[in-house]
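Chains as they are written, first to last, in the working numbering: chain A, 682 to 1088; chain B, 682 to 1088.
Treat the hints with care, as some may be off.
DSS-like mimics (lysine-lysine), calculated; alpha carbons at most 25 Å apart, straight line [said to hold, decoys possible]:
#, chain 1, residue 1, chain 2, residue 2
1, B, K1021, A, K1021
2, B, K683, B, K848
3, A, K788, B, K909
4, A, K788, A, K778
5, B, K797, B, K779
6, B, K909, B, K861
FYI, nobody ran anything at the bench for these hints, they're computed from the structure.
Fair warning: this is a prediction, and the values are worked out from it, not measured in the lab.
There are 2 protein chains.
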Amino acid sequence: MKAEIISIGTELLLGEIADTNSAYLASQLPSLGIDLHFISTVGDNQQRLVGTLQQAWQRSDVIIATGGLGPTQDDITREAIAELFHEEITIDPDLVKKFEDLFKHYKIDMPRSNIKQAGVIPSAQIIPNPRGTAPGWWIERDNRILITMPGPPREMQLMWANELLPKLQQRMGGTVILSKTLKTFGLTEARVDESVSPFLSAANPTLATYAKVDGIHLRITSKAQTTKEAQRLIAQREVDIRAILDDHIWGADFDTLESIVGASLTAKGLTLASMESYTGGLLANIITNVAGSSSYFKGGLVAYSDETRAGFGLDAQLISRHGTISAEIAEAMATAAREKLGAAIGLGLTAATGPTEVEGKPIGTIFVGIDDGQRRQSFARNYPGNRLQVKQRAVTSALFELRRILL
Amino acid sequence: MKAEIISIGTELLLGEIADTNSAYLASQLPSLGIDLHFISTVGDNQQRLVGTLQQAWQRSDVIIATGGLGPTQDDITREAIAELFHEEITIDPDLVKKFEDLFKHYKIDMPRSNIKQAGVIPSAQIIPNPRGTAPGWWIERDNRILITMPGPPREMQLMWANELLPKLQQRMGGTVILSKTLKTFGLTEARVDESVSPFLSAANPTLATYAKVDGIHLRITSKAQTTKEAQRLIAQREVDIRAILDDHIWGADFDTLESIVGASLTAKGLTLASMESYTGGLLANIITNVAGSSSYFKGGLVAYSDETRAGFGLDAQLISRHGTISAEIAEAMATAAREKLGAAIGLGLTAATGPTEVEGKPIGTIFVGIDDGQRRQSFARNYPGNRLQVKQRAVTSALFELRRILL
């Protein structure tokens, strides 16, 4: 099946917002066995929109359009599709009723303009929108499928996951496509590619690598007649990859380093405290992005000046001997955080984030210190990048090393 | 002039990377007086790419293509354009020489595949690429312009700014287009739209509003025969808008709240320290995203548990009386940060970030406390949103209020 995505909205052509919907939908299609051939972006201009829809209807089997379903005058996707199929738009009374109830619920008078969103054509099946008033359309005719969804990502993604993805899976029939993502840290993408290269050229399961802020991700995608067989193919390939990348793999699919660290602290009934210097609070911030982190994270210290370092209990002589960016200080920070904040584990992080090198340490030099009460350890790392990238990589390194120790 | 952007690369159709180039280029065109009608994304398939180029060449005056200029087999943009114009690709010896010198400089043998990137057709003028080996092309014929640039954003954006933007400005001739962005905080987009509505419908200067994480931005764009006149139009409209939005406006163009706060702390020779609770370090992190912030930011305290709050000198009785999310505690946090970390100003921030309401305070309740040694003040705010949005809004509120006091 050849697919085409059409993104509708003048704001996209003005560069006022980036088109994240197309990337999201594009990433969903391979696992359906649908080949995406084009993404077309067009503004709120009926003539150009109809032209774009006509072209798509001629050259593609599945057309997925997002945007232009709002209540205002310049939302013309419904009108353009009606023109494409020479059909009449009529107002669906059930939808109008639904809108009225919704607005009643929020105790707001329904603007008359919303009635426009209850318009539908004979060919279109209405797709409910749990997060907004603009319903989607599913149109199936001449062995082609045309789908329309609202532009706001949170409305579009839920409608896609709940309604349209299952409908398309059913229409594609037969083959089951599954995928699993393995997440690594500490290796370059080139290095990962090299070590798994025999699998990169395999047809089933396929393997692809992606460079992300938290490391290199590997996506295994298998195709089979049954779920069981598709799962078997993935499991087998996962064993191959784990044998090669071993403890560089820290998680899978929806795992984040902070959620994994949080889960194992919770499982072990341990608490954590942090002291960081040049990362300026990013470490504590990412740890506390996890809902419920208050059950294991005691707090954090951000030492951004000599006085603060002294106030936080770091020995001035130790600093003058080794510099603030050193293994010794990273360990001292871990111990001070642990003791001052009364946690089971102290995590210390210091890094040269620029703009210039500090104490002769090049930008990107990172030291992680960990004190769990029994043992003090530190790890030295170095990553290229600008100020914000080094801050991010330093925090990822700290959480990665902490995870290793918690295992 | 009608323009069209063509993004080339199968990775875009697989959703492996989002197409940020198109949004960047789209945002550049309005100030040139060029109307963007379409953005087309196509994969590394010569037939479909040539078809897309043909269509663009028929319907648009300016075509800007990015991607597909790499050294590998699947980079086919040069070949597709040669096919479009029925021209022969020949290798440019000067470019080959340049490549060889470049690789020599990095002490790497030049892969033979790179020679492909020295290919050029008679119609094309070569555009240098200071950040890579793939040069761009400028093709001007039949009253149309076709531009190709490499896909990597850092290569594309520099080539655009240095070479292509000036060339296009010259070609457009005559009219000067300037724009200025004013940044506000504390008002909803609907509210801002309402209060400046007369100007939103004006033709010159135009006015547009955008909702961003740090508030609502207003972009004024003027068109005139001379720079002086264009500047006068913007200045005049800026006066109108400032008269209405007044001290909700905190900055312009490239200002960020953290850079403005940093600049005025530096100017006044003042230092800052922070204590935050449920924002978990995001406040300190954003303050320290500014290069040079170590000259005025002493450090930060992240109080994420009762023991930590006590350890940081917050009175347990005060907490039990008012709760951790209260004006009183925000002020106490400011004072404690100021005194413990020896700064001129202490900034305290506490907010209900979810997942559930805390102490009967609904998610989105924010208290900012400021103690400058003379006076303690606090501000209560409330913003909707999920955990991460509330964290972000709370930090923006804190920096916004601090800026007001520093003025």
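Against the structure, the hints come out as follows:
Straight-line distance between C-alpha atoms of K1021/B and K1021/A comes to about 13 Å, which keeps the hinted pair within the 25 Å bound. Distance hint between K683/B and K848/B is fulfilled; the C-alpha atoms sit about 17 Å from each other, no more than 25 Å. Annotation: proposed proximity of K788/A to K909/B is violated, straight-line Cα distance about 51 Å (limit 25 Å). For the proposed pair K788/A and K778/A, the alpha carbon gap of about 15 Å is at most 25 Å, so the pair holds.
The suggested pairing of K797/B with K779/B holds, with an alpha-carbon distance near 13 Å, which does not exceed 25 Å. At roughly 14 Å between alpha-carbon atoms, K909/B and K861/B fall within 25 Å of each other, so this suggested pair holds.
Hint violations for this structure: number 3 only, all remaining hints satisfied.
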